[in-house]
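Asks: Sequence:
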Amino acid sequence: MAKISRVPSAVGAIPVVGDLVKQADSQAQWLQDMLEQNARLVSQLPTTMKSFNDSLERFNQTVTRLDKVVSTIEGATASLIAPLDQLTVTLERVIRLLNEIPGAGFVRRLGGIERKVNDA
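Following my numbering, the numbering of the sequence shown begins with 194 at its first residue and continues without gaps.
No wet-lab data here; the hints were simulated from the structure. Bear in mind the structure is a predicted one, so any value in this text is a computation, not a measurement. A couple of the hints might just be wrong.
[To be verified] Computed beta-carbon distance windows for the label pairs:
| no. | residue 1 | residue 2 | range |
| --- | --- | --- | --- |
| 1 | Lys261 | Gln225 | 40 to 46 Å |
| 2 | Ala221 | Thr241 | 48 to 54 Å |
| 3 | Ala297 | Ile266 | 38 to 44 Å |
| 4 | Leu273 | Arg233 | 55 to 61 Å |
| 5 | Leu259 | Leu284 | 35 to 41 Å |
| 6 | Gln237 | Arg258 | 28 to 34 Å |
| 7 | Thr257 | Glu293 | 36 to 42 Å |
| 8 | Pro295 | Leu259 | 29 to 35 Å |
| 9 | Leu273 | Pro295 | 50 to 56 Å |
| 10 | Ser248 | Asp278 | 55 to 61 Å |
| 11 | Leu303 | Leu280 | 25 to 31 Å |
Beta carbons are placed, not taken as given, at the ideal position from N, Cα and C, and that holds for glycine.
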């Protein structure tokens, strides 16, 4: 943008008045540039808001998909944990029964098993 001064050359010849007028002209040019920039930004606002809303919608869709995945994983985990808990209880009962068999301690000593099972 070419800078065209509004200060007449005769006014610029008077030092004090010329400086004040040049400063005023410079400030007016700065204000005009700011207004033009603000006008450009305001004109871009609807497009920016639409883009933001589209991004927010995609984010919400992603969160929904992640929520479904988490629910699926929680359901699968629950269906796996329950049988494991039952298996643990069953194994503890089997070990307790095996420990009650006469000679089980002797067999463990022969096999090198030093495990002690606490009776609950």
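Asks: Could you run down the list of hints and mark each one as holding or not?
Replies: Hints, one by one, checked against the model:
A hinted range of 40 to 46 Å is violated for the C-beta pair Lys261 and Gln225, which are about 55 Å apart. Between Ala221 and Thr241, the C-beta spacing of about 29 Å breaks the proposed range 48 to 54 Å. One distance hint, 38 to 44 Å for the beta-carbon pair Ala297 and Ile266, holds here, with the actual separation near 41 Å. Look at Leu273 against Arg233: about 59 Å separates their beta carbons, and that is inside 55 to 61 Å.
Look at Leu259 against Leu284: about 36 Å separates their beta carbons, and that is inside 35 to 41 Å. Against the hinted window of 28 to 34 Å, the Cβ-Cβ separation of Gln237 and Arg258 comes to about 31 Å, which satisfies the hint. Between Thr257 and Glu293 the Cβ separation comes to about 55 Å, which falls outside the hinted range of 36 to 42 Å. Our hint of 29 to 35 Å for Pro295 and Leu259 is violated, since their Cβ atoms are close to 58 Å apart.
For the pair Leu273 and Pro295, the beta carbons lie near 37 Å from each other, so the given range of 50 to 56 Å is not met. The supplied range of 55 to 61 Å is broken by Ser248 and Asp278, whose beta-carbon atoms lie about 44 Å from each other. At roughly 28 Å, the beta carbons of Leu303 and Leu280 sit within the given window of 25 to 31 Å.
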